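Each chain, letter by letter, is given below.
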Amino acid sequence: MSILELQHVEKIYGEKENQVHALRDVSLQVEEGEFAAIVGTSGSGKSTLLNLIGGLDNPTKGKVLVKSREIGSLSRKELTIFRRRNIGFVFQNYSLMPVLNVYDNVALPVTFDRGKHRNHKYIEELLRELGIWEKRKKYPNELSGGQQQRVAIARALVNKPHVLLCDEPTGNLDSATTIEVMGLLKASCRKYKQTILMVTHNEAIAQTCDRVIHIEDGRIVTGNRRFPAKGGDDVC
Amino acid sequence: MLKLAWKYMRYYKSQTLAIFLSILLTASLLSGMSSLIYSSQKSDLENSRNIYGDWHYYVEADQESYEMIQSGVQGDGFHLRQCGRMEIRDVVSEEFPIYFIRTDEAYRSMAHRDLLEGTFPKKENEIAADGYVLSNLGFSGNPGDSVQIGERYFVVTGILKSEWAASASEMEIFVSDAFAGRGSQTFLYLKFDEDMKLYKQLDAFLRAYKLNSQSVVGNEEVIRYLGGEEPDSIYDIVKFGLTNERGNFTYIVLKLQSDYNLAYYGMILFLCLFSVFVVYSVFNISVAKRTSEYGILQTLGISEKQIGGTLVLELWMLFIIGYPSGCFLGNGILSLVYQKFNGVFGGKGIGATGQELSVADQTFAEGPGAVPFCFSWDAMIFGFVFLLTALAAAAFVVVRSLRKQSLKEVMSGDTSFIRKRKIYARRPVNLAGVVVWKFMFANKRKVIGILLSLSIGGCIFLCTTYMVENLKIHAELSLKSDDGLGSEYRISLKSDSLSDTIPEEVADKIKNMPETEHVYPTRYTLGELTHIESTDYENYCETYFDEMNRSSEFKKYGGICILQEDGTYRIKYDVYGYDEELMEQLGDFILEGKIDPVEIKNGNQVIVVANMDGQGNYYFYGKKPGDTITLRVPKTDNYTDELLKFQSGDEFYMEKEFQIAAIVSRSLAREQDFLNTGAWSQVQMPSVIMTNRQMEENFSLTDYSFINASPNPDTEAENVSNQILQAIRDVPGAVLADYSTAIRTQKNYLRQQQIFFSSIAGILFVISLFHIVNSMNHTVFARRREYGVIRAMGITDLGFYKMILQTGILYGALTDVLIFLVYHLLLRRVMNYYMEHVLQFLHVQTGVPDRVLLGIMMLNVVIAATAVLFPARKLVRENIISEIRA
Chain P
1 MSILELQHVE KIYGEKENQV HALRDVSLQV EEGEFAAIVG TSGSGKSTLL
51 NLIGGLDNPT KGKVLVKSRE IGSLSRKELT IFRRRNIGFV FQNYSLMPVL
101 NVYDNVALPV TFDRGKHRNH KYIEELLREL GIWEKRKKYP NELSGGQQQR
151 VAIARALVNK PHVLLCDEPT GNLDSATTIE VMGLLKASCR KYKQTILMVT
201 HNEAIAQTCD RVIHIEDGRI VTGNRRFPAK GGDDVC
Chain A
1001 MLKLAWKYMR YYKSQTLAIF LSILLTASLL SGMSSLIYSS QKSDLENSRN
1051 IYGDWHYYVE ADQESYEMIQ SGVQGDGFHL RQCGRMEIRD VVSEEFPIYF
1101 IRTDEAYRSM AHRDLLEGTF PKKENEIAAD GYVLSNLGFS GNPGDSVQIG
1151 ERYFVVTGIL KSEWAASASE MEIFVSDAFA GRGSQTFLYL KFDEDMKLYK
1201 QLDAFLRAYK LNSQSVVGNE EVIRYLGGEE PDSIYDIVKF GLTNERGNFT
1251 YIVLKLQSDY NLAYYGMILF LCLFSVFVVY SVFNISVAKR TSEYGILQTL
1301 GISEKQIGGT LVLELWMLFI IGYPSGCFLG NGILSLVYQK FNGVFGGKGI
1351 GATGQELSVA DQTFAEGPGA VPFCFSWDAM IFGFVFLLTA LAAAAFVVVR
1401 SLRKQSLKEV MSGDTSFIRK RKIYARRPVN LAGVVVWKFM FANKRKVIGI
1451 LLSLSIGGCI FLCTTYMVEN LKIHAELSLK SDDGLGSEYR ISLKSDSLSD
1501 TIPEEVADKI KNMPETEHVY PTRYTLGELT HIESTDYENY CETYFDEMNR
1551 SSEFKKYGGI CILQEDGTYR IKYDVYGYDE ELMEQLGDFI LEGKIDPVEI
1601 KNGNQVIVVA NMDGQGNYYF YGKKPGDTIT LRVPKTDNYT DELLKFQSGD
1651 EFYMEKEFQI AAIVSRSLAR EQDFLNTGAW SQVQMPSVIM TNRQMEENFS
1701 LTDYSFINAS PNPDTEAENV SNQILQAIRD VPGAVLADYS TAIRTQKNYL
1751 RQQQIFFSSI AGILFVISLF HIVNSMNHTV FARRREYGVI RAMGITDLGF
1801 YKMILQTGIL YGALTDVLIF LVYHLLLRRV MNYYMEHVLQ FLHVQTGVPD
1851 RVLLGIMMLN VVIAATAVLF PARKLVRENI ISEIRA
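Heads up: the protein sequence lines correspond to chains P and A, in order. Following my numbering, the numbering of the first sequence begins with 1 at its first residue and continues without gaps. Following my numbering, the numbering of the second sequence begins with 1001 at its first residue and continues without gaps.
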């Protein structure tokens, strides 16, 4: 069953002679529990694709369906709430709140849902799982890049979203930490039955995923390809 | 660099506009306000010229010099622009002193004694005089009619423009050269070139004509604006103020004011600093937005010096356009304000036309309008140079802070918020609120800077309002007290003898007139306060009073303050008997004690008027309410004027002890002769006040010395004065002064003054609002990326607005707290000091009305909250991704 679907999506930035076609007639389906990598060169449109799926941007043409709901038809408020409950984001630059400690950074999205029970047990479990429980009172600038990205992943997972969108999550990390973070993402995908869409320009990293979607000049150029995962774990 | 600066200006249009506007607004404020103060001082000078005469000094001259010295004469170190001659030919003092004077045209022009009607006298029995003199001589006819003065009859050939009330104590009759008097005393009225130092010209003039400098009298009210006396050096003033035991800070302020026009130059400096503060603050915010770009430029090899140069060029380019435009705008707007509120700048509140005045009134209300608006080139040039330099310094400071900032970031990052290791999410708190709070206090120095800059407008507004409120009270009290204009009509005696009085029946007659109300007849006697032991006074007695005792004004009273053999002093005092209703009104002037006319009457107590030193401090020889004073007054039986010297035998005086009920700062109705002449009357009003009944019981005084009255509102002014003149016709020496128009003009002046000051406070507040909006804008945009992340995490637009609103409200509330504390703990005290000791307001007691204080506080919160909503709206409309990547 596909959890994500893009139908003839186009995205144009700018006007008249300054127009830039970021995406051209992109159609795509992603199955539930799939860990897919979107690969392409710089400016190919991969981040744009991710942002459209996350509802952070609107397509110029076409439809984006998440959990069979067309997100373009949602009002701003509905979209925000939908995104908060169903989609998690992990950014390349971590995007943590510098003024909050690790625990509060992770708990932040939960507090936006007024009246929602704050499941501290789950947050603790997440932090332990990601190996940052001991760092829960530290501030982002007291952590290494890898630790910061773990916090960002924990924050993305805290609302138990169905889809996790990762924009170059390992772009700022060294190779050892990259392997660690990839392992965590995969484990999370398996454990919480999540669909992960990860943008990367690193082909090697992409090959560790269930599926690699190649994008060039705003178009998807290859179909589904499956590769065996490196390391001991099976893909979910 | 120029190209780079230009590119930056064009790229960051809104920030460039903000800097430009801040320069434009502050330049207009600086130039406009300075020109306004300059014009008002010019106007004050012109009014003083009009009231006190357009001359600088007069000197008694012998006949030879009198004939020889001409207008336009130039000598070594002086240029005499105008020289007026006045010769006193005779003095008649039967009812009141009347001076027969012969004058030349130059004198009449300098003294503003223009001819209103008729011609100047030519024959011996012809005279000309003003309406005030003629009406009090009982003349009500037209030129050509005759009037009796003493034994002689004169033909009135012309009616002249009157003197201003303050100097109308001497009755002048203008005669022709043919008039043969009993003597001749000649005076030269001098007006020097005002572009040169007056005191130097006077010295040179006296040397050239070998005139005695002792006989020179300065026109103080005019020459104080023109540097008529040699100023002390600033070093000497400050040194005296700090080291001499009689000097203090107030002395320094007052002396700098009198010698160096501190109010004007101080205001220019304050406005320059305010301008620098606003422009720097806006500029700093603008630069903060492109810090990273300067970092990039540095990595590309541009030096700090070049970045500084770019910033200076950017600022100067805006300044070169903004400053002249601001000056044009400020002077333009304020010249319109000046014309609209010209009463404010008339200084003494004169400016009424004579059309609707009664004959007596015309004396006191004539005068020209304010002078045209003048540009303060001094301030504009000083401001230009000051701001140009200050802006270069601002650029330097910004570059320096950029360097410090980057170093700091490299070293440790912004860690000021890493204090508490507390997990907020474990409690039921709103984490968005925590984020807001932490964003605000992430950099405490920065937040204090923002709060200070936000509060400055409010503080200025509150200070101005506080001053306006107290100015209102002061003006009302001054108007009420005898140094102002208490009642519309005053009937007094042109006499310096206690034997001349207004009979009780005349007072009753005026009281019972349907045309009058609030008629307060006052009994008066001259007395002596004995057994004064106060040590405070000794310093003055040895210096100031020695001089006063020897002066011709007080010789006839045996001096003003006399040291006795037993080491105590005897000081001359005015003793008044007030109507009980009038006495109650003294309640507004209480310094200590309480006023209950019945209690005072039954307990035979008195109210005393405190002495005030030159710095607004009140004292009464160390005595308090409940203490006693001993009063010595001449007996009415066998009274002669010789008794006023207080040197006759004790059998001619009675001495009584009174308990002090209250000490007040001013009297309400006051004798205008006896002790109240010359400089003494302007600095002190030594008065003991009791009820009229007490005056009768203690000193057997039944008649009155003067009467204050107000007109019945339903009666025509002309009718009231005619009725009163009729009633006093048979009282020797009695004259009527009509202040109706002067009071009206004064009240109008006061009202305009309040509107004007409030408007200026409003303008300052608006400029600070502009600054608040800019600062708030920056505060929000500085966290653009973090807000983007929060939005990506799923906060709704409404939640985001609420969160940003919290920031605004928090800033507004903290600014309110700061304003409240700074105003109450610091500014109010400074203002009190300034108003009590420098401006010498009567009873500084009124605070800013609660509704104004509350209004300012609420407005601050509303403005800060509204100001954050604009950038918030902009952020909401922006793409989250571009915010996160910012």
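Hint data in this document are derived by calculation from the structure and do not stem from the laboratory. Hints should not be assumed to be uniformly reliable.
Below are the DSS-like pairs computed for lysine-lysine, each with C-alpha atoms no more than 30 angstroms apart in a straight line [claimed, not checked]:
1. LYS1446(A) / LYS1511(A)
2. LYS138(P) / LYS1444(A)
3. LYS1874(A) / LYS16(P)
4. LYS121(P) / LYS1197(A)
5. LYS121(P) / LYS1511(A)
6. LYS77(P) / LYS1802(A)
7. LYS1420(A) / LYS135(P)
8. LYS1555(A) / LYS1494(A)
9. LYS1161(A) / LYS138(P)
10. LYS135(P) / LYS1874(A)
11. LYS16(P) / LYS1013(A)
12. LYS1438(A) / LYS137(P)
13. LYS1007(A) / LYS16(P)
14. LYS1420(A) / LYS138(P)
15. LYS137(P) / LYS1422(A)
16. LYS63(P) / LYS1239(A)
17. LYS1802(A) / LYS160(P)
18. LYS1472(A) / LYS160(P)
19. LYS138(P) / LYS1438(A)
20. LYS1494(A) / LYS1161(A)
21. LYS63(P) / LYS121(P)
22. LYS1555(A) / LYS137(P)
23. LYS135(P) / LYS1438(A)
24. LYS1472(A) / LYS1645(A)
25. LYS1802(A) / LYS138(P)
26. LYS160(P) / LYS1444(A)
27. LYS1438(A) / LYS121(P)
28. LYS77(P) / LYS1444(A)
29. LYS160(P) / LYS1007(A)
30. LYS1444(A) / LYS137(P)
31. LYS135(P) / LYS1444(A)
32. LYS1747(A) / LYS1511(A)
33. LYS1874(A) / LYS77(P)
34. LYS1446(A) / LYS137(P)
35. LYS61(P) / LYS1747(A)
36. LYS1422(A) / LYS1446(A)
37. LYS138(P) / LYS1422(A)
38. LYS137(P) / LYS1420(A)
Bear in mind the structure is a predicted one, so any value in this text is a computation, not a measurement.
Outcome of the hint check:
For the hint linking LYS1446(A) to LYS1511(A), the alpha-carbon distance of about 70 angstroms lies beyond 30 angstroms, and the restraint is violated. Taken as a hint, the LYS138(P) and LYS1444(A) pair is honoured in the structure, with Cα atoms around 21 angstroms apart against an allowance of 30 angstroms. Between the alpha carbons of LYS1874(A) and LYS16(P) the distance comes to roughly 24 angstroms, so the proposed pair stays at or under 30 angstroms and holds. A hinted pair counts as satisfied when its Cα atoms are at most 30 angstroms apart, and LYS121(P) with LYS1197(A) does not qualify at roughly 88 angstroms.
Restraint check for LYS121(P) and LYS1511(A): the C-alpha separation of about 94 angstroms exceeds 30 angstroms, so the hint is violated. Between LYS77(P) and LYS1802(A), the direct Cα distance comes to roughly 14 angstroms. Compliance with the 30 angstroms bound is thereby established for this hinted pair. Proposed proximity of LYS1420(A) and LYS135(P) is supported: the alpha carbons are some 14 angstroms apart, at most 30 angstroms. Between the alpha carbons of LYS1555(A) and LYS1494(A) the distance comes to roughly 19 angstroms, so the proposed pair stays at or under 30 angstroms and holds.
At most 30 angstroms may separate the alpha-carbon atoms for a hinted pair to count; LYS1161(A) and LYS138(P) exceed this at roughly 88 angstroms. Proximity of LYS135(P) to LYS1874(A) is assessed by CA-CA distance (about 36 angstroms); at most 30 angstroms being required, the pair is judged violated. The suggested pairing of LYS16(P) with LYS1013(A) holds, with an alpha-carbon distance near 24 angstroms, which does not exceed 30 angstroms. Between LYS1438(A) and LYS137(P), the direct Cα distance comes to roughly 15 angstroms. Compliance with the 30 angstroms bound is thereby established for this hinted pair.
For the hint linking LYS1007(A) to LYS16(P), the alpha-carbon distance of about 25 angstroms falls within 30 angstroms, and the restraint holds. The hinted pair formed by LYS1420(A) and LYS138(P) meets the criterion: a straight-line CA distance of about 10 angstroms does not exceed 30 angstroms. A hinted pair counts as satisfied when its Cα atoms are at most 30 angstroms apart, and LYS137(P) with LYS1422(A) qualifies at roughly 7 angstroms. For the hint pairing LYS63(P) with LYS1239(A), the CA-to-CA distance comes to about 84 angstroms; that exceeds 30 angstroms, so the pair is violated.
Distance check on the hinted pair: LYS1802(A) and LYS160(P) sit about 26 angstroms apart at the alpha-carbon level, within 30 angstroms; holds. Straight-line distance between C-alpha atoms of LYS1472(A) and LYS160(P) comes to about 69 angstroms, which puts the hinted pair past the 30 angstroms bound. Distance restraint check for LYS138(P) and LYS1438(A): the Cα-Cα separation of roughly 15 angstroms lies within the 30 angstroms cut-off, and the hinted pair is therefore satisfied. Between LYS1494(A) and LYS1161(A) the CA atoms are separated by roughly 21 angstroms; this keeps the pair inside 30 angstroms, and the hint holds.
Taking the CA atoms of LYS63(P) and LYS121(P), the gap is about 38 angstroms. The hint is violated against a cut of 30 angstroms. Distance check on the hinted pair: LYS1555(A) and LYS137(P) sit about 90 angstroms apart at the alpha-carbon level, beyond 30 angstroms; violated. Distance check on the hinted pair: LYS135(P) and LYS1438(A) sit about 20 angstroms apart at the alpha-carbon level, within 30 angstroms; holds. Annotation: proposed proximity of LYS1472(A) to LYS1645(A) is violated, straight-line Cα distance about 41 angstroms (limit 30 angstroms).
The suggested pairing of LYS1802(A) with LYS138(P) holds, with an alpha-carbon distance near 28 angstroms, which does not exceed 30 angstroms. Among the hinted pairs, LYS160(P) with LYS1444(A) is inconsistent with the structure: their alpha-carbon atoms are about 37 angstroms apart, more than 30 angstroms. For the hint linking LYS1438(A) to LYS121(P), the alpha-carbon distance of about 26 angstroms falls within 30 angstroms, and the restraint holds. For the hint pairing LYS77(P) with LYS1444(A), the CA-to-CA distance comes to about 35 angstroms; that exceeds 30 angstroms, so the pair is violated.
Straight-line distance between C-alpha atoms of LYS160(P) and LYS1007(A) comes to about 49 angstroms, which puts the hinted pair past the 30 angstroms bound. Our distance criterion of 30 angstroms between C-alpha atoms is met by LYS1444(A) and LYS137(P), whose separation comes to about 22 angstroms. Proximity of LYS135(P) to LYS1444(A) is assessed by CA-CA distance (about 26 angstroms); at most 30 angstroms being required, the pair is judged to hold. Restraint check: the Cα-Cα separation between LYS1747(A) and LYS1511(A) comes to about 26 angstroms, which is no more than 30 angstroms; the hinted pair holds.
A threshold of 30 angstroms between alpha carbons decides the hint, and for LYS1874(A) with LYS77(P) the separation of about 17 angstroms falls inside it, so the pair holds. The hinted pair formed by LYS1446(A) and LYS137(P) meets the criterion: a straight-line CA distance of about 26 angstroms does not exceed 30 angstroms. For the hint linking LYS61(P) to LYS1747(A), the alpha-carbon distance of about 74 angstroms lies beyond 30 angstroms, and the restraint is violated. As the CA atoms of LYS1422(A) and LYS1446(A) are separated by approximately 24 angstroms, the hinted pair is consistent with the 30 angstroms bound.
The suggested pairing of LYS138(P) with LYS1422(A) holds, with an alpha-carbon distance near 10 angstroms, which does not exceed 30 angstroms. Restraint check for LYS137(P) and LYS1420(A): satisfied, since their Cα atoms lie roughly 9 angstroms apart, inside the 30 angstroms limit.
Checked against the numbered hints above, the structure breaks hints 1, 4, 5, 9, 10, 16, 18, 21, 22, 24, 26, 28, 29, 35 and satisfies the rest.
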